[in-house]
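There are 2 protein chains.
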Amino acid sequence: MENESYTLNFKSVPHGTETSKLIYFKKTKDLFEFFWSTFRRNYEEIIIVTDEKIAELKNVKEFLEISKEKHAEIVTIPTGEINKTFDNVLVMLNRALSKGFSRRCTFVALGGGVISDMCALASSLYKRGAQLQIIPTTLLSMSDAAIGGKTGCDYGAYKNMLGTFYPANTIYFCPEFLDSLSKKEYYSGLAEVIKTAMLYDKDLFELLKSDTRKVKDRDEVILYDAIKKCSIAKSRIVEQDITEKDIRRQLNLGHTFAHALESVAGFGVVPHGCAVAWGIGRALEMSLNLGYCSKEYRDDVFELLELYGYCTKAIPDEIKNLEDAGARLIEAMKQDKKNEPGKICFILQKGLEDTVIINVDEKQIKKVL
Amino acid sequence: MENESYTLNFKSVPHGTETSKLIYFKKTKDLFEFFWSTFRRNYEEIIIVTDEKIAELKNVKEFLEISKEKHAEIVTIPTGEINKTFDNVLVMLNRALSKGFSRRCTFVALGGGVISDMCALASSLYKRGAQLQIIPTTLLSMSDAAIGGKTGCDYGAYKNMLGTFYPANTIYFCPEFLDSLSKKEYYSGLAEVIKTAMLYDKDLFELLKSDTRKVKDRDEVILYDAIKKCSIAKSRIVEQDITEKDIRRQLNLGHTFAHALESVAGFGVVPHGCAVAWGIGRALEMSLNLGYCSKEYRDDVFELLELYGYCTKAIPDEIKNLEDAGARLIEAMKQDKKNEPGKICFILQKGLEDTVIINVDEKQIKKVL
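Here the protein sequences come in this chain order: A and B.
Quick note: the first sequence uses my numbering, first residue -17, plus one each step.
Quick note: the second sequence uses my numbering, first residue -17, plus one each step.
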């Protein structure tokens, strides 16, 4: 069929913001005063989104009370992954709409990955894009989730399946929030630190091996440094490939396995980071089987994972009593967003800071489960 | 407060697709065969979204039956602006999720602006961005809504307040759908053609004045040409400024007034295009009052609007019995997405193809209502 046509060539433009500023704080008593004066100086309309647990922290409570007095809107979402729903995204949007906020308003996410993913999604949808600030409060979000513009929420049983790319204007890193984390939350975040070290930072990898005691004790100086290294390493990747067409896919090391485990175990049973740590072990086992990495490197990584108490078994305890646990993991992997139709994609390593992305057939996957 | 910081500079990337291909069809009996073979050749996973009225058209009915047999998913939304809801966007997303579609699947919007805006929003959210094809079926969507990547839906009483920028891979222009439009729908679309002519195309403006009879009779040759001119004129603007930071705002000529009228009259009472035509008249009256345009140009535009039966009165009949209609229109204008806080923004003209964007105070707005 012969037809006339016209090809519209879009000018490339940043998604939402041209730059994200990452600011690192040492512990300070003036933190929340600084936040409030910064936000008020830059924005007339402010909506702060947090969760019930964070809202109860003493400093935060005062901050939210002052913010409310000064006409910021406060939205408090119940705590936990189970509340990462589109309904809660709509709660945020509805609040901003009901106050008549313009698209120049700012959303402020004060919380872990659940809050920042949802709040960023709300911000990206509000009048086709409002402003966004993130104050991550967990090690996981400081080292990974808050950086790089992935937004999202769950829909029914489907995890993180709805979302956009929409980075924050500013991300504020405040290590004092780390004291409020449970052991489980802390170790969940530490897995993403290990992942980033394996991908991009030999020195951090060595430090995690040598200074185990300090890391476990949440040493302030070490964590400040680790968070800065992880967030900047991730930033350098995202700068090149925000929409995950290419190099950014490396950041999913361990995640094909992790998402499958989280799905099969039932969401919330295995914390995300702990699933990632297990997935990293499986990815290294697969790397060894397929001849990508040496036995030494595989053992080195296993030793580090075990130092911090992560599971390196083929099938984790949480699902070992399930019939056909391996087959169910593979079924879940087929749903991964990164896959091409009919293939399952893995991030593997040849060694430290040496990463490959490949499609693997089911036979090879079964071998490591 | 002294802090360490890092500034993340994002590489500019296209939103979703680098190019949109616009393809113009003459009337042909093979149209739907062509569609199906094109979609199937390019996509393994296809979800077609349409509305109940379009689904009943004879050719479309056959097309949908064949598509379904060949394992495309069909989602049919009830017809009308009232159904432009987030719930219906979720219906589309849920269907694709339940079929396990990958992010390489394509959404196909087959309908007017309501369907294409919602389907494009769904596509932009699906696994952070699936593929998108649009087959606009109304004059309004062929000349305006389908081009340029604005997606959206309403939320409660808030019109088009949620959305993203996410252009289609391909847009298929098929004038044969125009025969199916009611008179009201046709004239609603014609207003956007007049708007585009005023902004960018003197020749089209003259043709609309001289060939009134043919335009009213939906002459095939004239419409094919007008649609091509409008869609390419709009494309050239969007190529420069997809996210409406600058020149694209011109396309809102008449729209500050139009959105206010639609809101005050109750959504659906005045068709969007008819509200735009009235808004164009008001914008020209304001341009004259503020000394931007000549009396001759204002009269020229009024004459054209009246030739096609559009309202050029200060207060349209639909709301003339409302108490304080003018004040209510101004209140509604304050909600416009384009506004800076506390200001109301208008697109005015100095003459044909000569447009200005300014903030106007309430006293001047009252004068034209």
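Incorrect hints may appear among the rest.
Which copy is meant is left open, so a pair is good if it fits within one copy or across any two.
Stated by the list, open to error - In silico lysine to aspartate or glutamate, DMTMM-like type, Cα no more than 20 Å apart, as pairs:
{"hint": "1", "residue 1": "K9", "residue 2": "D336"}
{"hint": "2", "residue 1": "K319", "residue 2": "E27"}
{"hint": "3", "residue 1": "K319", "residue 2": "E305"}
{"hint": "4", "residue 1": "K81", "residue 2": "E313"}
{"hint": "5", "residue 1": "K348", "residue 2": "D183"}
{"hint": "6", "residue 1": "K325", "residue 2": "D69"}
{"hint": "7", "residue 1": "K210", "residue 2": "E(-14)"}
{"hint": "8", "residue 1": "K184", "residue 2": "E34"}
{"hint": "9", "residue 1": "K316", "residue 2": "D223"}
{"hint": "10", "residue 1": "K3", "residue 2": "E63"}
{"hint": "11", "residue 1": "K35", "residue 2": "D336"}
{"hint": "12", "residue 1": "K349", "residue 2": "D336"}
{"hint": "13", "residue 1": "K50", "residue 2": "D281"}
{"hint": "14", "residue 1": "K227", "residue 2": "E167"}
{"hint": "15", "residue 1": "K227", "residue 2": "E0"}
{"hint": "16", "residue 1": "K316", "residue 2": "D343"}
{"hint": "17", "residue 1": "K3", "residue 2": "E34"}
{"hint": "18", "residue 1": "K81", "residue 2": "E322"}
{"hint": "19", "residue 1": "K35", "residue 2": "E63"}
{"hint": "20", "residue 1": "K320", "residue 2": "E34"}
{"hint": "21", "residue 1": "K(-7)", "residue 2": "E221"}
{"hint": "22", "residue 1": "K3", "residue 2": "E38"}
{"hint": "23", "residue 1": "K332", "residue 2": "E44"}
{"hint": "24", "residue 1": "K325", "residue 2": "E26"}
{"hint": "25", "residue 1": "K319", "residue 2": "E288"}
{"hint": "26", "residue 1": "K211", "residue 2": "E(-14)"}
{"hint": "27", "residue 1": "K348", "residue 2": "E221"}
Calculated from the structure, these hints are not laboratory results.
Practice prompt. Check each numbered hint from earlier against the structure, then list the numbers of those it violates in ascending order.
Written response: 1, 3, 5, 6, 8, 9, 10, 11, 12, 13, 14, 17, 20, 22, 23, 25 and 27
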